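Asks: Here is what each chain is made of, one letter per residue.
2 protein chains.
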Amino acid sequence: MNFQEALNFYQNQRKKMLAMRYVNFLSGWDMQTEAASGSIEADSEQMSVLAEYDYELTSDERFAQAVDTLFAQKDQLDEVLRHEIEVAKKVIEQTLKIPKEQYAEFSALTSKAYAVYVQAKNENNFELFRPYLEKIVEYNRNLTQWLKTDELQGYDVLLDRFEPHYTMAQYDEFFALLREKLVPVIRKLPTESQAKDPDWATQLFYKEGQHKFCEYLRDVMCFDKTRGIMKESEHPFTSGFGTDDVRITNHYYEKCFVSSLFSAIHETGHALYEQQCDKSLNQTLSGGGASLGMHESQSRFYENMIGRSEAFWQVHYKHLQQQFPVQLRRVSLKQFVDYINTAKRSFVRTEADELTYSLHIMLRYEIEKKLIDGSLEVKDLPAYWNEKFNEYFGIVPPTDTLGVLQDVHWAGGDFGYFPTYALGSAIAAQLFHAMNADFDVFASLEEGTTAKINAWLGEHVHKYGASKYPDEILRLATGEDFNPNYYVEYLLKKYK
Amino acid sequence: MNFQEALNFYQNQRKKMLAMRYVNFLSGWDMQTEAASGSIEADSEQMSVLAEYDYELTSDERFAQAVDTLFAQKDQLDEVLRHEIEVAKKVIEQTLKIPKEQYAEFSALTSKAYAVYVQAKNENNFELFRPYLEKIVEYNRNLTQWLKTDELQGYDVLLDRFEPHYTMAQYDEFFALLREKLVPVIRKLPTESQAKDPDWATQLFYKEGQHKFCEYLRDVMCFDKTRGIMKESEHPFTSGFGTDDVRITNHYYEKCFVSSLFSAIHETGHALYEQQCDKSLNQTLSGGGASLGMHESQSRFYENMIGRSEAFWQVHYKHLQQQFPVQLRRVSLKQFVDYINTAKRSFVRTEADELTYSLHIMLRYEIEKKLIDGSLEVKDLPAYWNEKFNEYFGIVPPTDTLGVLQDVHWAGGDFGYFPTYALGSAIAAQLFHAMNADFDVFASLEEGTTAKINAWLGEHVHKYGASKYPDEILRLATGEDFNPNYYVEYLLKKYK
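Residue numbers (this note's numbering), protein chains in the order written: chain R, 4 to 499; chain D, 4 to 499.
No lab work stands behind these hints, which were simulated from the structure alone. A few of these clues could be false.
Same chains, same label: a pair holds when it works inside one copy or across any pair of copies.
Claimed, not checked - Straight-line Cα separation of at most 35 Å, DSBU-like style, residue types lysine-lysine; simulated pairs:
#1 K282 <-> K115
#2 K151 <-> K199
#3 K115 <-> K228
#4 K234 <-> K282
#5 K234 <-> K19
None of the values given here were measured: they were computed from a predicted structure.
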C-alpha cells in the first residue's frame, strides 16, 4: 500500500466510521428519549449486530496498514490529519496489545456487572457487587501491564485513556492543592440537614414553565436551533453528530426547579462546543470535543462561572420572575443568587455544589490509585471510603448506597475516568481567567446573551474540535500549561 | 458452498440486512419527526454511505450463491424460509438483468426529478417536468424488456414488482366492474363546490383535544402502547421495525378535525398488521405486510368499513362529544355519520372519499398501461388525463396541478404502484364479507373495542406477515380468489 492508496483507503474507511457514529448516536438518542419500553430489546439487538460491522471497520488489517503507511510519512499530512493518524496509531497499537479473549470476557463481565451493581446499590449490599468489582479491578491492573510504555506505567496508563497527556504527576499536584486549600474550608460548611432549602425554592414550579424558561436560557446562550433540538429524558445529556445535529435533553423536577435551569445551561455548554467546531472537521474523526475533561470544562464554565454569577442573573432574573410570578414575587435577586450558590457537605457527588464537588472526585482518584497499585483491595473498600470521606468532609456516609456504591462508573469497567470531572472544573477556571484578561466577562453579559463569551471560546477552544490534544489547546487558549491555582483562587474568592 | 454452509451464510447475512432495516427505519423516522431542519443534510449523507453497505449485503455474490444452493434444495427448508428464498431468488435474478449503468442513471434521474416535479406542481407547469417524466417512462418501458419472462410481459412486469401475482388480467376485470357499476353513480354526485362542509365541521377543534381523542381511538383499536408510539409529522405515516417497534404519526388540522381521526384509525390499521405478525418472523425477512395492497387493505378496512360505520360511532360518538362539548353539542350522531360518509366529485385523489377513491386509481392504471405499451406519449398526457377525468367524473381539472401533476409517484420512478391502492380497498371488502360470515362484525363493536376484529385479522391475515404471497393469504382468509364484487356491492349498498 503506497501513500496515495493508504490515504484513499483511510478516507474511505473514515466515511464509513462516521456513518456508524451517526447510527450509534441516533439509536442511543432514540432509546433514551423516544422508543417505547417494549421496543428497546429488539432495537438493541440490531445495534449489537451493527457493532460487529463497526468492529470490522476499526479492526480491518488494511486500515491498520493504511494508518502505518500514513504515519511513516506523516510530514506530508496536513496538521489535522497528522494528529488523527497519531491518535489512530496509538489506539490500534493498544487494541492489539489487549488479549482478545480477555477483552471479550471483560465485555461480558461489565454487561452483567451493571445489573448486579444496580441491585447492590438498591439493597445497600456491597458484598453482592464485590466479586464483580474485584474482577474489574483485576482487569484494569492487567491493562496497566499490557499497555505500559516507557512513558506510562501503572495508573497513568488508565488516566491517559480518558484524558491524554494528564498523568499522576499533574493530578497529584492538583489534588494536593485542593486538599491543602479547600478541605479546611469545606469542613466548616453546614451539612445537608443543617442547610435546608428555603420554602420558596421548594414550591411547585410547573413543568411547562420550567421548560419555557430553559428555552429562554438556550436562546440567551445562542444555541443554534436550526442545527439541534432539546427534549426530555430521565437524565439530562448532550448527544449528536458533527456540528449540524446537536441534541440536548433536560429533566424537570416540579419541586426543585433550579435543577432544570442549571442542567439546561450545563448541557447547552456541551452543545456549543459541538456546534462551534470548525465545520471542516465534520468530514474527519477529529470533530467533537478534544477530551472528556475539555468537554466538561465547557459545560461547567457556563453552568458555574457564568450561570451561577450575579452578573448573569442581574440581566435574566426578572425573566425568571415573569415566568413564575407567584412563586418568585417575594424572592429578591440576592436571595436567588445566594440560594444557587449554597455550599454544604453532602454525601452524593452528583448532587454536590460547586465548592465541594472536586473533593468528591479527589476521594475517588485516591482510591483508584490505590486499587490499581495494589495497596488497597476491594474487600477493604467500603471501610476505606468512609474513613477518607470523614477525613475530607467530617461526616460518614450512613450507608454504602450513599457511599461507595453511589456511582455507576466502576460497574462499567471505567477506571481513570473520574479525575476528568475535576480537571474540567479547573480548566474552566483557567479559561475564565484568560478570557477576563481579554475582556470583562461579566460586563459582557449586560448585552443579554453570551455571544461574546461564545465567540472567545469558539476561537480559542471549540474550533479545534479534537484535532489537537487537550493540553495543547489549553496552552494555546491561555498561554500556559494546566494551572489549578486559578481554580482554587476562584473558589476561595467566591466562597470566602 | 454446501447446504449447511449456505444456510449459515444466509442466516448471518439476513441478520445484517435486518439491522440495516432498523437503521433505515430509524433514520427516516428521525428525519421526518424530530431532527432540526439544518441537520437533515449531514444526517442524509451518512445514510447514503450506509446505503453502500446495504447494497454490498444484498449484492454479495456469496449471498446469491447461498440463495441458489438453498433454492436447489428448497424441499428441505421450512415453509417460511422456502418462501423467503423463492422471493430472494427472484429479486436477485431481476437485479442481475438490469444493466448497472442504466440503473445508476435512473437513480440519479429520479433524485433530480423530485425537485423538478415539486416546482412544476407549484407552478402548474407540466412542460417543466415533461422531459424527466419521458425518461422515467422510457426506463420503465426498458424494464419490461429486461425483466420479461414467459409468464410476465409488458405492464405486468411492473405490476408484479409492487403486488406479486396480480396482473392486468385481474386488474382489467376489476376496473371494468368499477367502470360499469360506479361511474354512473359517481357522475350523479355533487361536486366539491356543491357539497360544502356544514358549519359545525369547520369550527376550531383545538389540536390537543384532537390528539387526546386520537389516543382514545388508538386504545379502542387495542394498539399496544408498550411496543410503539404515536407522534406528529407533516403527513401521517406508519413505520417501525418488526412486531415490537411500531410507530405511527398524525397531523392535526384545527379547521378540519375529522382528518386526524381517520388518519389515526387508518395508520393504526397499518400498525396492527405489524404488531400482530407472528413474532417468530422477527428473525426473518418475512416480517411486516405481505404486500402494498394487503397493507392498504388493513388500513382501509379499519378506516372505512369500521371507522366510518354508524355501529362504531354509536359506541364512541359520545366520547367525541365529551372531548369537544361546545363544538358538537348540537350535532347528532346521524349528522356526524352522514358527514363522514359524504361522497362528492373532486379532483384530488388524496382527498377523495371512499366511494370515488378507486376511480382516481382506475384513471392512473389506464394511463400507465398506455404509457408502457406505447399507445400514449408523455407529451399528450395532460390532455388525455383531462379527457378521461371528464369521462369518469364529468368534470375537468382546472389546472394540471389539480390534475396530472398531483401525485409524486411517477417522479419517484414508480409505475405499477397506484393499482395497489384500489386493490387494498377491494381486498378490505372481501375480508369484511368473510369476517361477517364468522361473526357479526358491527355487533362486536358494542364491546367498546375492535378486539374481536383484531383477533380475526390476526389469525387470518396478520400472523403470516410476508411469509406467503398476498393472493395466497387472501385465499386462506376468505376461501376464494380475489373477487371485486364484494367491494362494489359494499359501496353500492352503503351509498345507495
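Asks: Each hint should be assessed against the structure and marked as holding or not.
Replies: Now for the hints, and whether the structure bears them out:
For the identical chains of this complex, K282 and K115 are inter-copy neighbours only, at 27 Å across copies versus 40 Å inside a copy, given an alpha-carbon limit of 35 Å. For the identical chains of this complex, K151 and K199 are neighbours neither inside a copy (49 Å) nor across copies (81 Å), given an alpha-carbon limit of 35 Å. With identical chains, the CA atoms of K115 and K228 are at most 35 Å apart between copies only, with a shortest distance of 29 Å across copies and 39 Å within one. Proximity of K234 and K282 under a CA criterion of 35 Å is satisfied in both settings, with 24 Å inside one chain copy and 32 Å between copies.
For a Cα distance limit of 35 Å, the shortest separation of K234 from K19 qualifies both inside one copy, at 28 Å, and across copies, at 31 Å.
The earlier numbered hint that this structure contradicts is number 2, and it is the only one.
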